[in-house]
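Respectively, the protein sequence lines represent chains A and B.
Going by my numbering, the first residue of the first sequence is number 89, and it counts up by one from there.
Going by my numbering, the first residue of the second sequence is number 89, and it counts up by one from there.
There could be a bad hint or two in this list.
The list treats identical chains as one, so a pair stands whether inside a single copy or across any two.
Unchecked claim - No farther apart than 30 Å at their CA atoms in a straight line, the calculated lysine-lysine pairs in the DSBU-like style are these:
1. K252 - K145
2. K309 - K180
3. K221 - K119
4. K111 - K92
5. K252 - K309
6. K180 - K221
7. K145 - K233
Read the hints as simulated data drawn from the structure, not as lab findings.
Number of protein chains: 2
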Amino acid sequence: MNYKAYVFDVYGTLFDVYSISEKCTVYFADKGTVISQLWRQKQLEYSFLRQVMGAYKPFYEITKEALQYVCRSLHVPITNEIMEDLLQAYLKLSPFEEVERVLQMLSNETMAVFSNGSFDMLRPLLDHAGVAKYFTHIISVDEVKQYKLSPLAYQHVCSQLNVKPEEILFLSSNAWDIAGASHFGFQTAWINRTSGVMDVLDVTPNYTANDLQTLFNELMKK
Amino acid sequence: MNYKAYVFDVYGTLFDVYSISEKCTVYFADKGTVISQLWRQKQLEYSFLRQVMGAYKPFYEITKEALQYVCRSLHVPITNEIMEDLLQAYLKLSPFEEVERVLQMLSNETMAVFSNGSFDMLRPLLDHAGVAKYFTHIISVDEVKQYKLSPLAYQHVCSQLNVKPEEILFLSSNAWDIAGASHFGFQTAWINRTSGVMDVLDVTPNYTANDLQTLFNELMKK
Numbered sequence: 089m090n091y092k093a094y095v096f097d098v099y100g101t102l103f104d105v106y107s108i109s110e111k112c113t114v115y116f117a118d119k120g121t122v123i124s125q126l127w128r129q130k131q132l133e134y135s136f137l138r139q140v141m142g143a144y145k146p147f148y149e150i151t152k153e154a155l156q157y158v159c160r161s162l163h164v165p166i167t168n169e170i171m172e173d174l175l176q177a178y179l180k181l182s183p184f185e186e187v188e189r190v191l192q193m194l195s196n197e198t199m200a201v202f203s204n205g206s207f208d209m210l211r212p213l214l215d216h217a218g219v220a221k222y223f224t225h226i227i228s229v230d231e232v233k234q235y236k237l238s239p240l241a242y243q244h245v246c247s248q249l250n251v252k253p254e255e256i257l258f259l260s261s262n263a264w265d266i267a268g269a270s271h272f273g274f275q276t277a278w279i280n281r282t283s284g285v286m287d288v289l290d291v292t293p294n295y296t297a298n299d300l301q302t303l304f305n306e307l308m309k310k
Numbered sequence: 089m090n091y092k093a094y095v096f097d098v099y100g101t102l103f104d105v106y107s108i109s110e111k112c113t114v115y116f117a118d119k120g121t122v123i124s125q126l127w128r129q130k131q132l133e134y135s136f137l138r139q140v141m142g143a144y145k146p147f148y149e150i151t152k153e154a155l156q157y158v159c160r161s162l163h164v165p166i167t168n169e170i171m172e173d174l175l176q177a178y179l180k181l182s183p184f185e186e187v188e189r190v191l192q193m194l195s196n197e198t199m200a201v202f203s204n205g206s207f208d209m210l211r212p213l214l215d216h217a218g219v220a221k222y223f224t225h226i227i228s229v230d231e232v233k234q235y236k237l238s239p240l241a242y243q244h245v246c247s248q249l250n251v252k253p254e255e256i257l258f259l260s261s262n263a264w265d266i267a268g269a270s271h272f273g274f275q276t277a278w279i280n281r282t283s284g285v286m287d288v289l290d291v292t293p294n295y296t297a298n299d300l301q302t303l304f305n306e307l308m309k310k
């Protein structure tokens with residue numbers, strides 16, 4: 089426990105993205121689960137593709153376009169009203185159960201969130217869950233218009249916090265995010281919530297745990 | 089039909105990547121199909137992720153690492169011998185049935201292939217299928233170490249052929265590749281072999297057809 093800053097990814101790490109699948113089930117019945125899963129997959133893919141092409145667009149927009157694609161590809165009609173309602177659900181995701189307990193435990197430390205999400209998504213989300221107060225910085229890639237896992241995105245975190253990469257412990261449930269952050273030089277903790285397998289990308293996270301509580305219980309012992 | 093060069097993507101466009109699933113079925117029985125599909129998906133994802141991170145590695149290597157990941161994540165053990173045999177199958181993919189007919193039809197035109205594949209994959213593949221003779225240029229991203237859909241990758245095609253982007257008709261079955269190429273400035277034809285839906289990435293291909301023969305039948309009429 090010797091880091092200058094603890095930087096948390098948001099979607100999938102602090103907040104359960106699949107909590108949105110309940111709402112999808114309301115609208116799409118038995119197709120709800122697969123729509124919510126493909127939506128998330130396509131949302132990420134569009135962030136990678138746009139970053140590679142050099143065609144940045146805010147995350148709220150690509151989240152919407154990903155949903156449009158998924159509904160078209162599954163031949164599921166969707167109205168603008170339903171689309172707006174589902175996008176609104178992104179602002180009210182549920183945090184994982186241990187999140188606030190861990191943030192309280194670390195409240196003497198410098199903590200930030202760092203997300204692909206634009207501020208119009210991040211601020212309402214953190215406010216709704218009542219956890220904004222724990223963070224000294226809310227950092228969005230939208231400020232530099234470079235999606236993770238571009239080195240320019242992670243560099244923005246260092247600039248905002250005024251610390252070196254190796255002084256940061258970066259926590260994410262997304263294996264690709266851990267790969268990018270490790271490659272850039274952050275110390276990394278992979279919150280492996282689904283007991284998945286690490287991607288084969290020449291990087292190994294410094295720590296791996298199934299949830300934040302388990303991780304910090306281990307770190308506190310050191 | 090007024091282009092200075094016709095540039096073909098390789099995997100999925102000229103060659104059927106899923107023809108590899110037969111071999112996967114030999115080794116993995118009822119899991120063969122899902123392994124071959126996830127393998128392709130992860131192979132592409134790793135090319136995007138490495139491009140975004142700035143951690144280029146040749147396509148042969150990431151193809152191998154994608155297979156390692158898929159087998160680990162599905163808890164399917166794989167020996168080095170089986171891995172090598174499956175990778176060898178990538179060098180002997182089947183071309184789609186209309187490919188040679190169309191290449192013969194265009195034999196007075198300047199034709200090139202342009203692929204994420206490294207030469208150690210492309211040359212044996214084109215030779216095995218007996219179609220190398222139709223192409224004036226075999227162009228690989230490996231020469232510039234920038235994966236599609238980086239603008240630097242498509243720029244390499246222009247440099248090699250000494251033509252402007254808009255003088256090229258680029259043909260690909262991969263919607264993301266069409267998005268990148270269109271965004272760069274190529275004229276594009278999406279060979280929509282699976283009757284899929286175009287990605288929502290602010291680009292529309294100039295032409296869409298279900299196979300190369302259908303496309304060129306239409307183009308010849310103009």
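Hints and how they fare:
1. K252 - K145: The answer is both: 28 Å in one copy and 27 Å across copies each meet 30 Å.
2. K309 - K180: For K309 and K180, neither the intra-copy (34 Å) nor the inter-copy (54 Å) Cα distance is at most 30 Å.
3. K221 - K119: Cα proximity of K221 and K119: none, with 37 Å in one copy and 48 Å across.
4. K111 - K92: Neither, since 39 Å and 51 Å both go past 30 Å.
5. K252 - K309: within (25 Å within a copy, 62 Å between copies)
6. K180 - K221: Within one copy only: 17 Å inside a chain, 58 Å across chains, cut-off 30 Å.
7. K145 - K233: Result: close both inside a copy and across copies, 8 Å intra and 25 Å inter.
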